[in-house]
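Use the sequences and the hints to build the structure in full.
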Amino acid sequence: MFELSGQDVGEAQLLVDGSRLEALRGTRTCARWRWSPGFQAGETEFELRLPDGRTRRARIVTDADTRKLTRDDFDAMVRDILEDTFALFSLSPFRRAVSRGAGGPVPPIARLEFLRTRIGELEQVVARIRRAPRRRLRAEEAVLPWHKARHATGTEIVRSFRSGRVLRENHQPPRLPVQLRGHLPELIRVRRRTDTFDLPEHREMAACLRSWRDWLRAVSGRLSAASLPGSDGAAWAARLQALALRVERMRQEEPFAALPDAPATLTITSLFRNDPTYRDFHRLWRDMNLGIASVFGDFLAMPLSRTFELYELWCYLRLARAVADRWGVEGDGVSSLFGVDGAGLTIASSSLVLSAGGGWRLAFQPRYAEFWTRGDGRGSYSRPMTPDIALWRQVDGVPTPLVVLDAKYRVDQGLADALTSTHTYRDAIVDTKGGVVNSAVAEAYLLTPHQPAAGGQFETLPMPDRLFAPDYHRAFRFGALTLRPGMQAIEVAASLDAIASGLES
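Read in order, the letters of the sequence shown correspond to residues 0 to 504 in numbering that gives the first Met the number 0.
If you're looking for bench data, these hints aren't it; they were derived computationally from the structure. Be aware that one or more of the hints could be misleading.
As the list claims (entries may be wrong) - Computed beta-carbon distance windows for the label pairs: (1) Ser269 - Phe160: 38 to 44 Å; (2) Phe160 - Pro259: 32 to 38 Å; (3) Arg248 - Ala131: 17 to 23 Å; (4) Pro469 - Ala415: 16 to 22 Å; (5) Ala257 - Arg58: 27 to 33 Å; (6) Arg130 - Glu21: 39 to 45 Å.
We treat Cβ as the ideally placed atom computed from N, Cα and C, and that holds for glycine.
Take a look at the structure:
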């Protein structure tokens, strides 16, 4: 809870990342607000609006609610969704570029949230580069009159005899060294060594900063023109304008100031490979390009507080990419996942089905209506069911029983509350071919970011750790699997093996 004391502060407003906090009952001299951090993690911006029109801003560091995913996990999921989208899109029959311009629809909120955190990390990397930038020694040759070449070396003087006029010394006693025999070049060529920040890498980095600044300004202008004052769109327009200003400040500082133009792309060189700081800039460049790419979809149009819905799509695309790597894609089996138009690439919002080799099918949010309304006899015997993910095989045109996956962002004891829907899917979805009612679900699992403790026999493990035990899975064809943002592709593939093992036999 926040409390503000003072004269006539009862009408003050407190905003967190542009959203007004719930005000509690107060008095003219005391205002109170309630705030639940929820998904807020890392740095959070507060704005206090006083009744007299003055504003105060501050940034505080918060910890995430341990029952929910952190801000870093949110960013990792957005990055993975965009990367997996491009990887799967490359397997589709579509052959067109996905633009990165500022035209077209306004970018969805998840992408803007992702870019916002990348700018903060970019500032830290640029500050490290500024403290120890790479320089290049450059040799220059200057032609100076003899009386100005005070620091010329003997080698430079002797080399200068090759061209130009040669003067003869008339002064007595002579001041020139005996070796010159009273002669001196009129013009002396002197070599100078200077260090400079003008590296090809710095030129490209400055061009990238300029490109990101222009993109942020353009999107901010479009949001501002299309939004009402005080709306979320207007708040995001102001945030993007502030982000563009921060990027411009980075571009105006050394080693990026006053460099010639270059393409706004990074060429892999030894500097980006071997220097950890420059390697971090290259990683952020990839993230920024993902964030500004024209990828849209209902699941990207959500704020940080709706991360659990983003987790569902993230789980599906992670598994879809693993399925495509494992069994390959059957024909144009990924076409249903995307829509392509002039605005860019759109991820379908529901009922996605990936068709892979060997008859494998991976569906996102398949809808199973009452079985008597469906022609294939597979459906629910109570009400329509829509599990998050379903995996099965088509063998000689006949579908095998399903593996149903229920993606839940909860961790720790919150998993126990999430089991109800998983039980429901396993019991209510049936197959009625041949007039006999059989369960259509072979296995049912929760997908969660929870990391269980060390394993053992499931009888000795507490909840929720027993749900992750392999012997629990073998005994009941039920349980939970860990799928956490930041997992490597080989770990996701191992999870897929565990899920698909029952259908391969």
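Each hint tested on the structure:
1. Ser269 - Phe160: 38 to 44 Å: 41 Å Cβ-Cβ, so the 38 to 44 Å window holds.
2. Phe160 - Pro259: 32 to 38 Å: 37 Å, holds
3. Arg248 - Ala131: 17 to 23 Å: Since the Cβ atoms of Arg248 and Ala131 sit about 19 Å apart, the hinted range of 17 to 23 Å holds.
4. Pro469 - Ala415: 16 to 22 Å: 20 Å, holds
5. Ala257 - Arg58: 27 to 33 Å: 31 Å, holds
6. Arg130 - Glu21: 39 to 45 Å: Since the Cβ atoms of Arg130 and Glu21 sit about 43 Å apart, the hinted range of 39 to 45 Å holds.
Checked against the numbered hints listed earlier, the structure breaks none of them; every hint is satisfied.
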